[in-house]
Amino acid sequence: GAVVSQHPSRVICKSGTSVKIECRSLDFQATTMFWYRQFPKQSLMLMATSNEGSKATYEQGVEKDKFLINHASLTLSTLTVTSAHPEDSSFYICSAPPDRVGGYTFGSGTRLTVV
Amino acid sequence: AQSVTQLDSQVPVFEEAPVELRCNYSSSVSVYLFWYVQYPNQGLQLLLKYLSGSTLVKGINGFEAEFNKSQTSFHLRKPSVHISDTAEYFCAVTQGGSNYKLTFGKGTLLTVNP
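Protein chains in written order, with my numbering: chain V, -14 to 100; chain W, 23 to 136.
One thing to keep in mind: the hints can contain errors.
Short, incomplete list of chain V residues facing chain W, as computed with Cβ under 10 Å [what the hints assert, rightly or not]:
hint: 1; residue: Val(-11)
hint: 2; residue: Arg(-5)
hint: 3; residue: Cys(-2)
hint: 4; residue: Lys26
hint: 5; residue: Leu29
hint: 6; residue: Met30
hint: 7; residue: Ser74
hint: 8; residue: Ser75
hint: 9; residue: Ile78
hint: 10; residue: Cys79
hint: 11; residue: Pro82
hint: 12; residue: Val86
hint: 13; residue: Thr90
hint: 14; residue: Arg96
Simulated restraints, written as ranges between beta carbons of each label pair [as the list claims (entries may be wrong)]:
hint: 15; chain 1: V; residue 1: Leu53; chain 2: W; residue 2: Glu37; range: 25 to 35 Å
hint: 16; chain 1: W; residue 1: Pro136; chain 2: V; residue 2: Ala(-13); range: 35 to 45 Å
hint: 17; chain 1: W; residue 1: Glu38; chain 2: V; residue 2: Cys(-2); range: 14 to 24 Å
hint: 18; chain 1: V; residue 1: Ser58; chain 2: W; residue 2: Tyr61; range: 40 to 50 Å
hint: 19; chain 1: V; residue 1: Ser68; chain 2: W; residue 2: Pro101; range: 43 to 53 Å
hint: 20; chain 1: W; residue 1: Leu73; chain 2: V; residue 2: Ser68; range: 35 to 45 Å
Note that these hints are calculated values from the structure, not bench results. All C-beta atoms in this analysis are idealised placements derived from N, C-alpha and C, irrespective of residue type, glycine included.
So here's chain V without its partners, still in its complex pose:
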């Protein structure tokens, strides 16, 4: 089946630095990728949708300048958390759009801790 590889799985960074998270579709091409954020004990909230060859679409309330999303190719989407602060600490997950049978493939997630 379809596989989305997400890296890194865990990252600890200092406040004020930037962190890049990558999601790669290994055996299929994805023109879009969904990026979610999950706070502890809470649900997944859609942050934005990356679009290959065009600008990402951000959900209301998500800071575009802080969460830079790029869809460099049909197999790579990245989320960069710029000038990270402790409140950005969270679990970030990407997801490819549904396949022909309606299945969504998720990455394994990235646990970001900002100290």
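For chain V, the structure is supplied; the task is to place chain W on it using the hints.
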């Protein structure tokens, strides 16, 4: 707009007991429904989905769910749970078509005790 309500944030049960995790949705159009399981610090694994056809959907690990349009529900059931079923369970909905964004419920933590 679509929304999902998972009525129980935590469900503790004993091993080999049956369990039902409740999910209700709200949408003005037809929807597709999903149940996902998440183990600590991991991504989401699809348990089952309803797209069309039979309202009783069988998934992996012995789980099943029934789509009830009149009650706008999609409850997840398992007749006999195992310790290994302890995890967070999320119900999700999408309208499909050109708008296939998934909206998730807040999740239900299923804890199976020996």
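For each hint, the structure was consulted:
1. Val(-11): OK, holds: Val(-11) (chain V) within 10 Å of chain W, min 8 Å.
2. Arg(-5): This interface hint holds because 8 Å falls under the 10 Å limit.
3. Cys(-2): The hint is violated - Cys(-2) (chain V) has no Cβ within 10 Å of chain W, the shortest such distance being about 17 Å.
4. Lys26: Status holds, d = 8 Å.
5. Leu29: holds (5 Å)
6. Met30: holds (8 Å)
7. Ser74: violated (13 Å)
8. Ser75: violated (12 Å)
9. Ile78: With a minimum Cβ separation of about 6 Å from chain W (threshold 10 Å), the hint on Ile78 (chain V) holds.
10. Cys79: Holds - the Cβ of Cys79 (chain V) comes within 10 Å of chain W, reaching about 9 Å at its closest.
11. Pro82: holds (6 Å)
12. Val86: holds (8 Å)
13. Thr90: This interface hint holds because 9 Å falls under the 10 Å limit.
14. Arg96: holds (6 Å)
15. V:Leu53 - W:Glu37: 25 to 35 Å: violated (46 Å)
16. W:Pro136 - V:Ala(-13): 35 to 45 Å: holds (36 Å)
17. W:Glu38 - V:Cys(-2): 14 to 24 Å: violated (45 Å)
18. V:Ser58 - W:Tyr61: 40 to 50 Å: violated (30 Å)
19. V:Ser68 - W:Pro101: 43 to 53 Å: holds (51 Å)
20. W:Leu73 - V:Ser68: 35 to 45 Å: holds (42 Å)
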